[in-house]
Amino acid sequence: DTGVSQDPRHKITKRGQNVTFRCDPISEHNRLYWYRQTLGQGPEFLTYFQNEAQLEKSRLLSDRFSAERPKGSFSTLEIQRTEQGDSAMYLCASTSDGGADTQYFGPGTRLTVL
Amino acid sequence: QKEVEQNSGPLSVPEGAIASLNCTYSDRGSQSFFWYRQYSGKSPELIMFIYSNGDKEDGRFTAQLNKASQYVSLLIRDSQPSDSATYLCAVNSPAGNKLTFGGGTRVLVKP
Chain D
8 DTGVSQDPRH
18 KITKRGQNVT
28 FRCDPISEHN
38 RLYWYRQTLG
48 QGPEFLTYFQ
58 NEAQLEKSRL
68 LSDRFSAERP
78 KGSFSTLEIQ
88 RTEQGDSAMY
98 LCASTSDGGA
108 DTQYFGPGTR
118 LTVL
Chain Z
12 QKEVEQNSGP
22 LSVPEGAIAS
32 LNCTYSDRGS
42 QSFFWYRQYS
52 GKSPELIMFI
62 YSNGDKEDGR
72 FTAQLNKASQ
82 YVSLLIRDSQ
92 PSDSATYLCA
102 VNSPAGNKLT
112 FGGGTRVLVK
122 P
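In order, the protein sequences belong to chains D and Z.
Residue numbering for the first sequence follows my numbering, beginning at 8 and increasing consecutively.
Residue numbering for the second sequence follows my numbering, beginning at 12 and increasing consecutively.
FYI, nobody ran anything at the bench for these hints, they're computed from the structure.
Some hints here could point you the wrong way.
[Said to hold, decoys possible] On the chain D side, residues computed to face chain Z include the following (Cβ under 7 Å): (1) Gln-48; (2) Pro-50; (3) Glu-63; (4) Leu-98; (5) Asp-108; (6) Pro-114; (7) Gly-115.
Backbone N, C-alpha and C fix where the C-beta goes; we use that ideal spot for every residue, glycine too.
Given these sequences and hints, build the entire structure.
Okay, here's the thing in structure tokens:
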């Protein structure tokens with residue numbers, strides 16, 4: 008399967024714990040995006056990488072959130088000191104420069120904070 | 012006013028009929044527009060994208076764009092029960108660096 012992959016698919020954690028999610032984009036895609044989706048809402052943009060550079064961050068991305076893409080390939084999203092309000096589906100998408108700007112989504116990581 | 016607005020539905024459609032979904036957006040600088048389908052508990056799946064005013068057809072799906080009215084629509088012809096899902100309208104920022112989604116329209120196709 009050459010699509011976007013995410014790991015883990017599900018994560019249950021206790022409030023105050025740190026969690027880290029991984030995204031592997033489609034191999035030739037240099038742009039990578041993170042979104043968050045809560046029940047009944049559309050996905051909301053969190054952050055965007057072009058190669059290894061993080062070029063934009065949403066105001067939704069509080070100081071407890073950090074994202075990296077160290078070698079311009081896979082990316083990680085870390086949430087520190089999780090809160091119940093962080094419970095959501097975290098989606099990763101990728102696309103390529105000069106393409107149709109069409110973003111392809113991974114299966115998502117569902118986070119539940121108890 | 013939300014940046015991208017959709018009727019939340021549910022839109023109930025008999026099998027074989029046409030489902031018509033609408034979306035309005037606020038940023039006149041937006042150049043590319045997308046429709047995604049999302050089944051419950053799954054991630055969004057791209058159905059179509061459209062850049063130019065007018066219609067674009069792909070199988071049973073037709074996307075329509077009117078930039079002057081800031082309006083995008085999706086028609087699903089010969090609706091099937093498997094089309095029952097939430098349909099998300101997404102608008103790319105003028106810089107092309109993020110999608111803004113509407114809240115989605117839930118479609119129910121009844122046999």
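Outcome of the hint check:
1. Gln-48: holds (6 Å)
2. Pro-50: holds (5 Å)
3. Glu-63: Since the shortest Cβ distance to chain Z is 5 Å, the answer is holds.
4. Leu-98: Check passed: Cβ of Leu-98/D comes within 6 Å of chain Z, closer than 7 Å.
5. Asp-108: Asp-108/D check passes; min Cβ-Cβ to chain Z is 5 Å, inside 7 Å.
6. Pro-114: holds (5 Å)
7. Gly-115: holds (5 Å)
In this structure, none of the earlier numbered hints is contradicted; all agree with it.
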